[in-house]
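Colleague: Residue strings, one per chain:
Number of protein chains: 2
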Amino acid sequence: MKFTINREEFLKAILTSGKVASPSPEDPILATLKLEVFEDRLEIIGSNGEISIKSIVPKFKDDKEILRDIKVGSILVNSKILTDVIRNLEDNEITFPVEDNALVRIQNNRFSYNLNVIRGEEYRDIDFDESGIRVELTARDLIDAVNQTAFSASIKERAVLTCLNIESNGNKVYFTATDGARLSKKDITIEEELPKFSINVNAKIFSEGIKTITTEEKVILFISDRNLVLKLDNIVILFTLTVGDYPNTKNIIPHNFFYKLETQANELLKVLTRVVLFSGERANIVKLTMSDSEVVVSSKSLQVGDASEKLSLYQYTGERLEISFNVKYVSEAIRSLKDETIVLSFMGEMKPFTVTSKNDDSVIQLITPVRTY
Amino acid sequence: MKFTINREEFLKAILTSGKVASPSPEDPILATLKLEVFEDRLEIIGSNGEISIKSIVPKFKDDKEILRDIKVGSILVNSKILTDVIRNLEDNEITFPVEDNALVRIQNNRFSYNLNVIRGEEYRDIDFDESGIRVELTARDLIDAVNQTAFSASIKERAVLTCLNIESNGNKVYFTATDGARLSKKDITIEEELPKFSINVNAKIFSEGIKTITTEEKVILFISDRNLVLKLDNIVILFTLTVGDYPNTKNIIPHNFFYKLETQANELLKVLTRVVLFSGERANIVKLTMSDSEVVVSSKSLQVGDASEKLSLYQYTGERLEISFNVKYVSEAIRSLKDETIVLSFMGEMKPFTVTSKNDDSVIQLITPVRTY
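The listed protein sequences derive, respectively, from chains A and B.
All residue numbers for the first sequence refer to the numbering used here, where the first residue is 1 and numbers rise by one.
All residue numbers for the second sequence refer to the numbering used here, where the first residue is 1 and numbers rise by one.
Worth flagging that the hints you see were computed from the coordinates, not collected in a lab.
Remember, predicted model here, so these are calculated numbers, not experimental data.
Heads up, a few of these hints could be off.
Copies of the same chain look alike in the list, so a pair counts if it works inside one copy or between any two.
[Stated by the list, open to error] Taking lysine-lysine pairs in the BS3-like style, the calculated list, with each CA pair at most 25 Å apart, reads:
| no. | residue 1 | residue 2 |
| --- | --- | --- |
| 1 | Lys80 | Lys300 |
| 2 | Lys338 | Lys156 |
| 3 | Lys310 | Lys328 |
| 4 | Lys12 | Lys270 |
| 5 | Lys59 | Lys71 |
| 6 | Lys2 | Lys196 |
| 7 | Lys80 | Lys287 |
| 8 | Lys80 | Lys270 |
Model the full structure from these sequences, guided by the hints.
Modeller: Below is the structure:
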């Protein structure tokens, strides 16, 4: 095995796949990257067992030859050490010859680096196959959908509540996450009718994984029984699915509200940030008191003192209502909407309420209040 | 007690003193800041028992009134909560009236914040007195001296080796730090003759503490039996001294060398960074092989492989010499010198060697080598 490669492109690919390379207790070899060179490309695979990333360096990029002098083959090399060596070298091009499947000899007239490697066959089998149900999305839509929902997934439980649920219905794809106290749901409309599917993918791992996506691209999802494969231009990401029935959330989201507060995201966020500082031992809880004449956010604690602040810009319809909630939940919900005008809709003091954007009904954030003291 | 203050200046002073405010097991009240307002200034004191910072807000700054409407008095208020409240408010000016020594009421027509406070008398006595031996230094000299020495102090031991030793001799002030394997020494020449002193101050705490200093200022040191007080324009910092005899380091530093390598700091640092990646199980150790014809840095390990790299720019005088050392020690020593041309001077393979600047003999870095394998 041998190849000569543009150092910068090589490093970029190593960093992309290396992000997930880390040894698991069952498979210490996952500390390595698998480098496999074909006649027309280099593939670099990194994995931690739950997420695997394959980065592809083609022979040409923008008509410039970035990979040449190829002798096909595959080897494994420690991810961290390879990254550090390639990052610190100063040459523009690196020749990477493997001797006896055991050693890479990188050298010029000033230095000589001999890096131990392992035969490529020792790596675990990772199936990046493009099979199963095919869904094409814009990268922007996918990233938004994940950012607007994944934060509501549970971080404590191990089972399906730590997952983002992705399901199809007609020509819509729904993204849902809930930890029991709050729920986020987003839908994306696509052109063709989709086959039925409902899959669970760990929300934290999926959020991290899609950070590899740059927003100009299209993304193709391949959904099979065990895996979700995301295919980008020169990157393929494989997520292992979590088995289990996701709770039925369709009937949880209310539709008839008796109280409605329309207000400015920016002002409400700032007021919440200040007033919550006084919540003291009742961590993160504030009270919202709404009536025709004023909307007040307040909190109170024995330790710290008390605070109250009025909103200056709002429209409120409904009777007077007092409701208390966790500021973290409401702030994250507001921020996810990325809209300046937002709507909080209530059914009553102890009923879940929604936080939505005034101009976009594809996202809904549902939050359970806490008892007012 | 009452005052009206420019919010930005107030926040700056709170942040400066708040940096060290944190409760100690013996004194939980150190989680608070002491705010004491006089006819002509506000003083804010924070402390963790080992370091105390007093920030002063005068009535006027650049002819602008930043503090007014004063009723003298003192209170204690939780540092973290006060910081967060003042940081998040949007008014340019804040009125801070204390009621019954128990409550600060900050309000306008839109909000009302009532912050619990404690009587100022509950705070521990901290003696910022300007007494003892007086040494005046430029801030630049003090900062350089600490940055060029403190990193060599031990981080493991509890006693004097974790300290920076500061001592006088004639019209020189010496800064020394050592962990037993390396030693850093810097001298500053001042104009007048100084009384004899030798004090130990925790190196890590002192390094952190002087980050408050902006480089335009003069610094006056007041050295007493128990404390070192640093006086700046509107900040006074008190360090508690560590009791104990600092080791006599005068006879440790060699003066006659048989081998001398003059080279470029930047190139040597880069070569060390790359070659050390191959040190594997012999963490951080590389070998330097010097002769008239070439200077080679190399390392080798069973895990990773081996590497060797030649320096391109150097002057070497002496017989052929092989010496192995910890890259962290040598790199930190080189960086501390802030000079492009540096000199490594050796007495023999197993004798301590020095790293010095070609153009500045006020700093000396001494390093013990390790056995070459």
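Colleague: The structure should be examined with respect to each hint, and the outcome stated for every one.
Modeller: To see whether the hints hold, each was checked on the structure:
1. Lys80 with Lys300: between (50 Å within a copy, 17 Å between copies)
2. Lys338 with Lys156: neither (27 Å within a copy, 49 Å between copies)
3. Lys310 with Lys328: within (19 Å within a copy, 56 Å between copies)
4. Lys12 with Lys270: between (39 Å within a copy, 21 Å between copies)
5. Lys59 with Lys71: Within one copy only: 13 Å inside, 76 Å across.
6. Lys2 with Lys196: Neither way: Lys2 and Lys196 sit 45 Å apart in one copy and 68 Å across, limit 25 Å.
7. Lys80 with Lys287: between (49 Å within a copy, 22 Å between copies)
8. Lys80 with Lys270: between (42 Å within a copy, 18 Å between copies)
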